[in-house]
Every structure is written in structure tokens, then in C-alpha cells.
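Those letters in the sequence shown? Residues 1 to 223, by our numbering.
It should be emphasised that the hints constitute simulated quantities derived from the structure, not laboratory data.
What you are looking at is a predicted structure, and each value in this text was computed from that prediction instead of being measured.
Please note: incorrect hints may appear among the correct ones.
What the hints assert, rightly or not - Simulated pairs of lysine-lysine, DSSO-like, Cα-Cα distance not exceeding 27 Å:
{"#": "1", "residue 1": "K58", "residue 2": "K38"}
{"#": "2", "residue 1": "K217", "residue 2": "K151"}
{"#": "3", "residue 1": "K133", "residue 2": "K217"}
{"#": "4", "residue 1": "K91", "residue 2": "K127"}
{"#": "5", "residue 1": "K133", "residue 2": "K45"}
{"#": "6", "residue 1": "K127", "residue 2": "K212"}
{"#": "7", "residue 1": "K136", "residue 2": "K105"}
{"#": "8", "residue 1": "K38", "residue 2": "K57"}
{"#": "9", "residue 1": "K100", "residue 2": "K151"}
{"#": "10", "residue 1": "K127", "residue 2": "K217"}
{"#": "11", "residue 1": "K38", "residue 2": "K100"}
{"#": "12", "residue 1": "K58", "residue 2": "K217"}
{"#": "13", "residue 1": "K101", "residue 2": "K127"}
{"#": "14", "residue 1": "K127", "residue 2": "K100"}
{"#": "15", "residue 1": "K45", "residue 2": "K204"}
{"#": "16", "residue 1": "K136", "residue 2": "K217"}
{"#": "17", "residue 1": "K45", "residue 2": "K136"}
{"#": "18", "residue 1": "K91", "residue 2": "K107"}
{"#": "19", "residue 1": "K212", "residue 2": "K58"}
{"#": "20", "residue 1": "K151", "residue 2": "K101"}
{"#": "21", "residue 1": "K212", "residue 2": "K38"}
{"#": "22", "residue 1": "K38", "residue 2": "K136"}
{"#": "23", "residue 1": "K133", "residue 2": "K212"}
{"#": "24", "residue 1": "K133", "residue 2": "K107"}
{"#": "25", "residue 1": "K45", "residue 2": "K107"}
{"#": "26", "residue 1": "K217", "residue 2": "K57"}
{"#": "27", "residue 1": "K136", "residue 2": "K91"}
{"#": "28", "residue 1": "K212", "residue 2": "K100"}
To be verified - Pair ranges (Cβ atoms, derived):
{"#": "29", "residue 1": "T165", "residue 2": "L216", "range": "37 to 43 Å"}
{"#": "30", "residue 1": "F87", "residue 2": "N48", "range": "20 to 26 Å"}
{"#": "31", "residue 1": "F135", "residue 2": "C78", "range": "27 to 33 Å"}
{"#": "32", "residue 1": "T39", "residue 2": "A196", "range": "21 to 27 Å"}
{"#": "33", "residue 1": "G198", "residue 2": "T39", "range": "18 to 24 Å"}
{"#": "34", "residue 1": "G172", "residue 2": "R104", "range": "34 to 40 Å"}
{"#": "35", "residue 1": "Q164", "residue 2": "G56", "range": "30 to 36 Å"}
{"#": "36", "residue 1": "K45", "residue 2": "K133", "range": "30 to 36 Å"}
{"#": "37", "residue 1": "P139", "residue 2": "D66", "range": "27 to 33 Å"}
{"#": "38", "residue 1": "G198", "residue 2": "G56", "range": "26 to 32 Å"}
{"#": "39", "residue 1": "K100", "residue 2": "D63", "range": "32 to 38 Å"}
{"#": "40", "residue 1": "D114", "residue 2": "S215", "range": "23 to 29 Å"}
No residue lacks a Cβ here, since even glycine has one placed at the ideal position from N, Cα and C.
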Amino acid sequence: MTNKKFAGRIRGSYIVLLLFLPALLLFITSRGCKIKFKTLEDYGKINNYSFVDINGKKYTQDDFKDDVVIFLNLQETCLDTCSINLFAFDKIIYQDIRGKKTLRKVKIVSFINDLDGNPVSDLTQAKTLIEDKVFKYNPERWIIASGDARKVYDITSNGQNLLQTGDEYFGGNAFQELMLLVDRNNHLRMVLRGSAEGMYRRMKECIALLQKEYSLKNEIVKE
């Protein structure tokens, strides 16, 4: 069983490499050396989507026109031990976003799914658990969502799609283990697995690069 699980994670990582190798290479070539500036790859617009929060408020992609959004999936029965390492995400990503005014336009959307990847309608249990585990949880910055995550994750690049299935994936669905970084124009800029702490540090770097991109664009406009 251990060997099968390990093999599944290797295959999942291979899929991410196939889809997003150019963006991953950015970090291999730029870390530890001086560069003028490199932007993240743009993988195109993601599908239109909708979801509701715990208060029944409906959101669509139009509500995040000026925001950078991180999408991820959580399961109400095991928020920190299933598809995503919630502890690492909170420590490395959320606390960094929460503590910086320059990142106030970065939002997090967590789809709450059952083990099969289907949306959970009652978000009460998930909200209680997240409030208990996340320091200074702010529902305006980190939205708990009920909706079809597959619409967001239905992305194809290099002949590979994120909606792959198989016993090697958590709950049989590859998308449940993935984090997406989506820019202000609803374009996908990065996808990373959420099972390793190193991937959260890389996502943090991605967010910083995207913010730098916007900062430079603003400077050009002012000139």
C-alpha cells in the first residue's frame, strides 16, 4: 500500500510537470541569482464558475476581477491530513497574506468536498474546524465554498488535463490535491501539489512574482 501511494504521488507530480514545466523551470533558473525580472507563464483563462459561501452568498469569477485567487480543496472529515496540508498552508501562505497590506487583494477559495470530490452543501463543520486550526481566520480573505470545483480545475495543457482519475490519487481525483494560482484576469498562472511543504513555499514565491508583475505595470502606466 505504501509503495502504491508513493507511486501515485510520483505520477501526480509528473502530471504537474507536463502541464506547467515552463513555470516550474522559472524557479530553478532564477532562485539564488540576480535577474531583471521574469513573469509567470500565462496558461489562459479558466472556465467560468460559481459557488456559495457559508452564508449562502453566491460568487462568480466576476466578483474577483481585481483579486488574485488561490484555489484549493479540503475535506470536512480531515482538513489537515487528506488532500492538502492545512497546517503548512496556514503557516506559509495564509499568515503571510494576512499580515501584509500589499497582499490585501489576494484571496483564498477553499472548496469543501467529500472524499469523492463532490461538493458539500453544509459548510458548518468545515468552518468550525478551520476557525479552530487557523490563527486569526478571516472569512473575507479565506472563503469556504460549496460548489463544483471541477469547473475550475477543468484545465488542459500539453495534452494533459487536471481532472485525471485513478486509485493513486486522493479520493480517486487528481484535482483534489492541487492548488491553483489565478490572476486578476481569471487566468491560470501556476498549479502546484498541496501535499508537500516545499510546494507552499514555491506558491509563496509565485504570489510575490505576480505582485511584482502588477507593480511594474503600474509604474509603466504612471510614466
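*Could you work out which earlier hints the structure fails to respect and list their numbers in ascending sequence?*
The structure breaks hints 1, 2, 3, 5, 6, 8, 9, 10, 12, 16, 17, 19, 20, 22, 23, 26, 30, 31, 37, 38, 39 and 40; every other hint is satisfied.
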